[in-house]
Amino acid sequence: MKKQVIVWLKNGMIAKMNASCIAASTHQVYFPSTEFDLPLLIEVKHQGLTTLLDLSEFNDCVVLQFGEDRYFTGATYCQNRNTGSFMIQSQAKFILLMPLPLPFPLEETEEIMIKPIEA
Amino acid sequence: MSSHDVLPLSDEKRAQGFGTFPYVILRVTGGVYMQFPIHFYEEKNPEKPGLRVRVDSLSNEKQNFGNLFNVVRQFHKQINPVEAKTFKLCLVLAPFVAYFFEDNAFTFSDEIPEGGSLMNSEHQIIAMNSPHF
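Sequences listed follow chains S and F, in order. If you want this note's numbering, it's the 1-based position in the first sequence plus 656. If you want this note's numbering, it's the 1-based position in the second sequence plus 4.
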């Protein structure tokens, strides 16, 4: 399933995308890159404090994290260069994986909006 | 030359920065595009055709690419001083990463413009019916 994701930046610009969307209903999620394209939105549905994202062998991307209020809380880069495992533990409720390179400064990220894709 | 002939980018144009990511594509009209290479430089202005962006360090790619939305927005203001007719711009970052700019919003696309007639800013055709990189 895809949803329209709008990232608001502090300078007033916005970045829009139709993102693949998955729900994290357990504390650990794994999504093979062969099944999911970037950008990818993960909506945390479980009530736990953290979610463990297994990004092993996933495509290079930047991981934008947003709280329950949809405001930006932080980011990290996923750049796999070997076959070892690579995981990220996050407290975010909305996690957006975007392809690299990112054409805006991470610190300019402000808020995320999620909408169904209009037919 | 017919409209179906293929003319790839020449080595001479590639040496000027054409066909190298990142670049901006301006849609002139249907099937006709104009390419503006983006050149990062530290001190000496490269004096090559396209957009030139001064940066602190060429090796800091994340920071340099992180300012490209602003570069495109400024460029859009320069080429669209009057609202009557606005050209569509596309920031192309990689073979499957592009952002179309319209109404102060960037829209991600994993398909980048290709084919058609590709011109430089002097309206010379530099490629036809071939990838823009």
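By construction, these hints were calculated from the structure, which means they are not laboratory data. C-beta: ideal position from N, C-alpha, C; glycine also. Do not take every clue at face value.
Here are the computed distance ranges between Cβ atoms for each label pair [to be verified]: (1) S:Lys659 with F:Leu62: 34 to 40 angstroms; (2) S:Glu699 with F:Glu16: 47 to 53 angstroms; (3) F:Glu16 with S:Gln747: 29 to 35 angstroms; (4) S:Glu774 with F:Phe100: 42 to 48 angstroms; (5) S:Thr739 with F:Glu16: 38 to 44 angstroms; (6) F:Leu11 with S:Thr682: 50 to 56 angstroms; (7) S:Asp716 with F:Val59: 18 to 24 angstroms; (8) F:Val59 with S:Ala679: 36 to 42 angstroms; (9) S:Lys659 with F:Glu47: 40 to 46 angstroms; (10) S:Asp693 with F:Ser63: 40 to 46 angstroms; (11) F:Ser134 with S:Gln684: 31 to 37 angstroms; (12) S:Gln684 with F:Ser61: 35 to 41 angstroms.
Results for each hint:
Between lysine 659 of chain S and leucine 62 of chain F the beta carbon distance is about 37 angstroms. The supplied range of 34 to 40 angstroms therefore holds. Separated by about 50 angstroms at the C-beta atoms, glutamate 699 of chain S and glutamate 16 of chain F satisfy the suggested range of 47 to 53 angstroms. A beta carbon spacing of about 53 angstroms between glutamate 16 of chain F and glutamine 747 of chain S contradicts the range 29 to 35 angstroms that was offered as a hint. The hint said 42 to 48 angstroms for the Cβ distance between glutamate 774 of chain S and phenylalanine 100 of chain F, and at roughly 24 angstroms that hint is violated.
For the pair threonine 739 of chain S and glutamate 16 of chain F, the beta carbons lie near 41 angstroms from each other, so the given range of 38 to 44 angstroms is met. Look at leucine 11 of chain F against threonine 682 of chain S: about 54 angstroms separates their beta carbons, and that is inside 50 to 56 angstroms. The supplied range of 18 to 24 angstroms is met by aspartate 716 of chain S and valine 59 of chain F, whose beta-carbon atoms lie about 22 angstroms from each other. Taking the beta carbon of each, valine 59 of chain F and alanine 679 of chain S are about 40 angstroms apart, inside 36 to 42 angstroms as hinted.
In this structure the hint that lysine 659 of chain S and glutamate 47 of chain F lie 40 to 46 angstroms apart at CB holds, the actual value being about 45 angstroms. The hinted window of 40 to 46 angstroms between aspartate 693 of chain S and serine 63 of chain F is violated, with their beta carbons roughly 30 angstroms apart. Under the hint 31 to 37 angstroms, the C-beta atoms of serine 134 of chain F and glutamine 684 of chain S, about 46 angstroms apart, miss the expected range. The hinted range of 35 to 41 angstroms is satisfied by glutamine 684 of chain S and serine 61 of chain F, whose Cβ atoms lie roughly 38 angstroms apart.
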